[in-house]
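Engineer: Here's the letter readout for the chains.
Protein chains: 4
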Amino acid sequence: MKKGVMRPGHIQLRVLDMDEALKHYVDLMGMIEADRDTQGRVYLKGWTEVDKFSLVLREADQPGMDFVGFKCLDEATIDRLSAELQAAGVATEEIAAGDLKGCGRRIAFTVPTGHRFELFATKEQTGKWGVGNRNPEAWPRDLKGMKATRFDHCLLYGPDVPATVKLLTDVLGMDLAEQVVDPEGKQLAGFMTASMKAHDVAFIEHPEPAKLHHASFFLETWNDVLKAADLISMTDTSIDIGPTRHGLTHGQTIYFFDPSGNRNEVFAGGDYHYPDHEPVTWDAEQLGKAIFYHDRQLNERFLTVLT
Amino acid sequence: MKKGVMRPGHIQLRVLDMDEALKHYVDLMGMIEADRDTQGRVYLKGWTEVDKFSLVLREADQPGMDFVGFKCLDEATIDRLSAELQAAGVATEEIAAGDLKGCGRRIAFTVPTGHRFELFATKEQTGKWGVGNRNPEAWPRDLKGMKATRFDHCLLYGPDVPATVKLLTDVLGMDLAEQVVDPEGKQLAGFMTASMKAHDVAFIEHPEPAKLHHASFFLETWNDVLKAADLISMTDTSIDIGPTRHGLTHGQTIYFFDPSGNRNEVFAGGDYHYPDHEPVTWDAEQLGKAIFYHDRQLNERFLTVLT
Amino acid sequence: MKKGVMRPGHIQLRVLDMDEALKHYVDLMGMIEADRDTQGRVYLKGWTEVDKFSLVLREADQPGMDFVGFKCLDEATIDRLSAELQAAGVATEEIAAGDLKGCGRRIAFTVPTGHRFELFATKEQTGKWGVGNRNPEAWPRDLKGMKATRFDHCLLYGPDVPATVKLLTDVLGMDLAEQVVDPEGKQLAGFMTASMKAHDVAFIEHPEPAKLHHASFFLETWNDVLKAADLISMTDTSIDIGPTRHGLTHGQTIYFFDPSGNRNEVFAGGDYHYPDHEPVTWDAEQLGKAIFYHDRQLNERFLTVLT
Amino acid sequence: MKKGVMRPGHIQLRVLDMDEALKHYVDLMGMIEADRDTQGRVYLKGWTEVDKFSLVLREADQPGMDFVGFKCLDEATIDRLSAELQAAGVATEEIAAGDLKGCGRRIAFTVPTGHRFELFATKEQTGKWGVGNRNPEAWPRDLKGMKATRFDHCLLYGPDVPATVKLLTDVLGMDLAEQVVDPEGKQLAGFMTASMKAHDVAFIEHPEPAKLHHASFFLETWNDVLKAADLISMTDTSIDIGPTRHGLTHGQTIYFFDPSGNRNEVFAGGDYHYPDHEPVTWDAEQLGKAIFYHDRQLNERFLTVLT
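Protein chains in written order, with our numbering: chain A, 1 to 307; chain B, 1 to 307; chain C, 1 to 307; chain D, 1 to 307.
Rather than coming from a laboratory, the hints here were simulated on the basis of the structure.
Among the hints, a few may not be true.
Intra- or inter-copy, both count: the list cannot distinguish identical chains.
Pairs of lysine-lysine residues, derived as DSS-like cross-links and limited to a Cα-Cα distance of at most 25 angstroms, are as follows [to be verified]:
| # | residue 1 | residue 2 |
| --- | --- | --- |
| 1 | 166 | 3 |
| 2 | 101 | 166 |
| 3 | 2 | 166 |
| 4 | 144 | 227 |
| 5 | 144 | 52 |
| 6 | 166 | 23 |
| 7 | 23 | 144 |
| 8 | 144 | 3 |
| 9 | 23 | 101 |
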């Protein structure tokens with residue numbers, strides 16, 4: 001958090017059918033419904049999140065990600081970073097407070113990979129769901145399904161990962177925690193963090209811009225990954241791969257799809273990062289192991305991404 | 001244990017190179033070397049096993065299983081079961097005590113699927129490795145690799161599973177714990193147990209006789225399955241599938257290959273069985289889920305078996 | 001299962017207030033209510049149990065155990081064991097089928113420690129709760145609280161443990177899996193099993209007869225023991241000790257009390273036993289470690305038992 | 001990390017006998033010996049730590065803590081914080097680079113609770129032990145004992161916790177993540193973090209200054225806490241309490257003592273904190289539950305601290 005960017009605070013995903021989507025995100029994944037707005041968007045959160053929401057679902061004709069927003073320390077940080085973005089030649093747009101219900105003004109901009117990013121500093125805080133912050137119990141008893149604890153990060157595909165990594169590093173003060181490089185040293189993937197987490201957002205080089213690979217949610221343990229896998233099977237949910245471990249970050253993971261085709265991840269564990277750590281580097285010839293540590297090869301589906 | 005058959009007491013596997021095999025079974029899987037004999041065979045055991053050995057490795061030109069042996073309550077049981085086998089039209093052969101080092105006489109016979117089975121009642125007992133049975137610690141501190149606790153079962157492919165199931169049930173007093181049946185009710189797979197374990201030996205219908213699918217070893221937890229998967233990757237061991245869960249028995253599992261091409265399983269958990277339980281039945285159209293509960297489809301490798 | 005005794009099939013406990021008891025056994029421990037009878041008794045089971053019930057609660061003025069019943073292979077076994085008990089000088093009483101709803105006739109007798117035991121062979125089978133035995137899912141989604149899987153064993157206090165161990169061994173064909181002996185070799189505790197489990201019933205030498213130390217229920221993992229401990233705290237349930245590990249059996253455990261004062265255990269893991277295994281022996285001077293492996297000393301409460 | 005303080009980078013503990021201490025910290029806890037210096041001090045680290053060392057052991061007549069040092073982003077941060085400390089009336093002392101082997105200059109000062117704190121920005125980086133940062137494996141195969149991953153935090157006792165919390169908040173930019181308050185609102189305990197961790201250093205109000213309660217090291221899972229507990233028993237190490245969970249931070253924990261009497265903790269899990277989170281507050285009347293979530297009462301030993 002060198003320049004006041006704290007964490008990925010929300011992601012807006014497009015879903016084809018809201019009822020189906022809510023069955024998936026609420027009943028299966030265990031997200032908490034927080035609110036709805038007049039546009040029909042539904043606001044969700046993981047139970048450990050203090051802010052009112054972290055996942056916004058919007059009904060649309062195509063699945064994918066509308067934007068990912070990063071929460072900053074305060075409004076002054078927003079002003080400063082907005083000016084720095086403009087100075088770096090990045091156009092910014094201010095979205096008025098209230099456009100997302102309970103959220104203050106947001107500064108939007110597009111990163112070189114083509115994805116829409118936002119910065120915001122103010123959001124209604126409703127506290128950890130079911131436990132609060134006064135003598136809190138260890139966990140609430142009435143969680144559903146996978147008991148996802150929080151929106152954790154997203155993995156995005158698009159062109160010019162190095163320029164995106166540079167922008168997030170130089171202007172937003174994020175760190176490159178892990179990367180994949182080809183034999184010529186070109187950066188094919190960059191995993192960026194604003195905190196101790198192994199990644200708050202990650203990028204993989206891809207010719208088409210603005211693609212979503214997956215939105216990821218955190219679980220407490222490898223045991224929870226097993227139960228998530230079981231639930232995927234019990235509910236006839238489309239699985240991608242897992243349970244397994246990633247090489248990159250070493251998180252314990254499973255990939256699956258929501259009814260609209262958005263890929264989700266739930267994972268546990270994973271390495272930690274501090275700003276004085278050199279990035280962990282994976283060589284492209286080890287990409288299979290870097291992505292899927294046990295199988296040591298990519299499946300074809302891994303290369304499929306959404307607009 | 002209706003008729004005195006207690007458990008699968010040993011399996012003899014053929015390996016192409018003994019040094020490579022020992023690196024695999026001892027350094028990677030954590031089996032304990034117990035002895036060697038003048039034929040060059042090496043005797044191993046899991047640390048929780050009280051008997052001297054449960055896995056015998058024999059160097060040969062082809063991988064696969066020579067035989068699997070079941071330990072019975074006492075010598076009188078052996079005599080009785082031997083007579084019953086003959087009465088059922090099954091030829092038996094007596095192998096003298098000492099042929100396997102530390103093991104008493106064995107009665108060998110062939111089941112309809114073409115596999116060589118043995119019964120024995122006497123084997124040297126060396127106690128749980130590293131802990132003994134007087135004020136025993138929870139586990140020994142110097143276990144290696146996957147820390148396999150015991151030889152658990154094997155899965156065999158061959159023709160006429162129903163006749164094999166019937167023989168093991170009627171003559172040996174084992175139970176059918178789980179089965180797969182086709183739409184006409186034909187038994188395609190039978191999982192047999194002599195105890196509370198979900199399977200002590202299992203069979204899948206296959207045109208060629210006497211095939212080995214895998215030899216399986218027990219781990220304590222799903223966490224140990226993860227670490228086994230990690231070790232498979234660290235040692236560049238050939239993986240088949242996992243970590244995942246089976247539908248049949250619900251065990252948590254990973255499949256991989258020894259350097260000779262014998263498939264191994266390590267697994268944790270799994271259902272229990274008592275003699276008054278109806279067998280659990282899986283319909284053939286659910287075979288994918290029955291075998292690999294999360295992926296819900298077989299991989300092609302699953303169908304590969306060894307002579 | 002040398003003589004047809006399979007497992008502890010039910011235990012009847014006395015509770016002071018049935019509503020409070022059900023909140024405890026159903027909402028907290030996750031047992032399933034199966035039936036009630038005209039005497040006001042409530043029948044419960046763990047979700048993995050195939051039989052209709054394993055725990056019977058009876059409202060009374062004093063907590064404690066009325067009896068523990070062992071399920072046998074068939075009615076002929078009951079007749080044979082009944083005759084053997086009488087031949088051994090143990091009076092038996094036959095209780096008519098239907099006295100326990102859905103249960104066949106029972107043969108009752110008193111063991112030297114003063115506890116009432118029963119044998120039965122017939123009980124209505126309702127199958128694993130929520131999953132059945134045709135293409136069964138890994139677990140049912142709507143389990144409550146601790147998700148206890150089955151009634152596992154009970155620990156009983158009373159005089160003359162050696163005579164009780166001898167009776168269960170000689171007449172019922174059970175095995176002594178573990179024991180505690182004093183410096184003179186006198187058996188102070190005996191852990192008996194009819195199967196692979198480390199104990200199906202256990203005894204500790206105590207001057208007063210017919211005391212209950214605890215009734216124990218099985219959980220799947222050490223993680224579940226943690227969550228059980230959390231739930232004990234969240235519900236202000238009286239805790240005894242844990243989470244910890246036992247030395248005897250090496251199970252991972254927590255002890256707590258039902259609202260009537262009956263001690264419960266939930267536990268995971270634990271060693272396995274086969275009839276050819278020598279009993280594991282703990283020396284009395286290691287009793288602290290034998291009971292509570294981590295603390296290596298008994299708490300005073302451990303010595304408290306119920307009529 | 002509002003003002004450039006990243007993490008607790010090292011702690012120096014006094015031990016009565018270095019050989020005994022190394023058996024404890026290396027063989028039992030699994031710390032890695034990194035170096036020794038001419039004063040006889042021994043430098044250790046957890047395997048995931050990138051810096052050369054995090055634990056310094058010094059042989060002395062009394063156990064306890066000499067100092068805890070925080071690593072900052074860069075030397076400029078050190079200069080700025082040093083000036084701010086002086087401006088806040090806190091005397092600082094500069095210790096030359098090399099006093100701790102491989103460590104740059106350190107700025108030392110005393111906090112109101114009487115403990116010696118240090119700030120430093122430069123330390124030799126030797127990388128994650130056994131895995132490095134180029135295509136790193138998930139974990140090194142030759143870790144010992146508890147496999148402690150890192151020095152995590154310490155808990156300190158002394159007078160005037162509120163003034164200490166204020167100093168760390170205002171001058172060092174740390175956050176109050178959790179606290180205990182009495183009915184009058186007086187802060188009896190403060191848990192401070194510079195990152196996402198629930199605590200990097202914690203304080204409990206106590207009349208005598210400069211006391212050490214414990215130094216804490218991180219484990220990966222609750223399963224590792226069980227194995228740590230087992231190892232404590234196997235090695236006849238003095239246990240304090242656990243395995244259990246804390247209410248404060250909800251970490252899963254066990255306390256024990258090194259051979260000199262310094263209390264250690266190993267723990268897993270625990271909540272996360274961001275700078276926009278209100279502190280979690282525990283009421284003093286819930287102190288038992290706040291400290292030991294399962295037992296809900298303090299043991300007497302918890303109150304024992306070292307000079």
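Engineer: Hint by hint, which ones does this structure get wrong, listed from lowest number up?
Structural biologist: Going through the list in order, the structure violates hints 2, 6 and 8 and respects the others.
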